[in-house]
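Spelled out, the chains give:
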Amino acid sequence: MNLETIVRLLDLKVFSGLDKLKTEVLDGYTGDLLSDVMANSKEGDIWMTRQVHQNIIAVASLKDHAGIILVHGAEPAKDTLEKAMKENIPVMGTNLSGFELAGRIYNILKGKKDNAAVDL
Amino acid sequence: MITILDVHEKQIFESSYTVQGGNFDEAGKVASQIKVILKKLGLQADVVRKAALVAYESEINIVSYARKGTINISVTPQRVKIETVDEGQGIPDIDLAMQVGYSTADAKIREMGFGAGMGLCNIKKFSDQFQITSEIGKGTHLKMIIHIDNGA
Chain Y
1 MNLETIVRLL DLKVFSGLDK LKTEVLDGYT GDLLSDVMAN SKEGDIWMTR QVHQNIIAVA
61 SLKDHAGIIL VHGAEPAKDT LEKAMKENIP VMGTNLSGFE LAGRIYNILK GKKDNAAVDL
Chain A
1 MITILDVHEK QIFESSYTVQ GGNFDEAGKV ASQIKVILKK LGLQADVVRK AALVAYESEI
61 NIVSYARKGT INISVTPQRV KIETVDEGQG IPDIDLAMQV GYSTADAKIR EMGFGAGMGL
121 CNIKKFSDQF QITSEIGKGT HLKMIIHIDN GA
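Chains as they are written, first to last, in the numbering used here: chain Y, 1 to 120; chain A, 1 to 152.
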């Protein structure tokens, strides 16, 4: 599942990284505590957060996240956007709450897999 | 005292970076540079991942709590060593500081999602060897080693 499909299915706003939407999303992580995200998220994760300041770009870049989705109508701060563009990190946004968004992305990424397992 | 660095070991890479306290705009920059270098050196992904995390948390600690600090990195075929020395207030009670969730961060730092009392714990968890010393009113000194498993 690539970012583009998730953007389309959930009608996400794309703030940066338009040319990186083919990036494969392997899994997801939610969190607003940066140390928690640093320690527990993985490469290829789509990171869902309410933090909008520029340090999120460094975290996403260091962890090789597929991208960042800002929840609940949040928009990146000006310097966050500048840094995201410079480092070419996809930053997206949604009006959905973190809970709603995580649930939907979980279903998109894993729902089918789980159903398939049940069918077997 | 554990002697971490064997002087006879061959250095593959060595560098030193200065970090300014309070400058959150640049926080994470040194860790990003270190990650790029370690990747270029061709180290295994998990070594790069651990070193990037250790460097990042150390850098954030300097930015959050010290006036300034230095991050030194050296790589040999056997290990990555990251060492930070800061000029700051020091840590009065290291055992307390090492407890998950304990933090002296102010509201501004916490609002950004830092200061959750996880930094030092993460550094220790992701390092194979970890050493911390601190002097009140002078600063804190961290030494971390990440082993490179080269199958030897």
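These are computed hints drawn from the structure, not numbers from a lab. The reader is advised that the hints may include incorrect statements.
Simulated coverage check for chain A against chain Y, where a stretch passes if three residues somewhere in it have a Cβ under 8 Å from a Cβ of chain Y [stated by the list, open to error]: (1) 23-35; (2) 51-61; (3) 109-118; (4) 138-147.
Since the structure is predicted, the reported quantities are computational estimates derived from the model, not experimental observations. Heads up, the beta-carbon is just placed ideally off N, CA and C, and yes, glycines get one too.
Report task. Could you check the structure against the hints above and give me the numbers of any it violates, in ascending order? Result -> Of the numbered hints given earlier, the structure breaks just one, which is hint 4.
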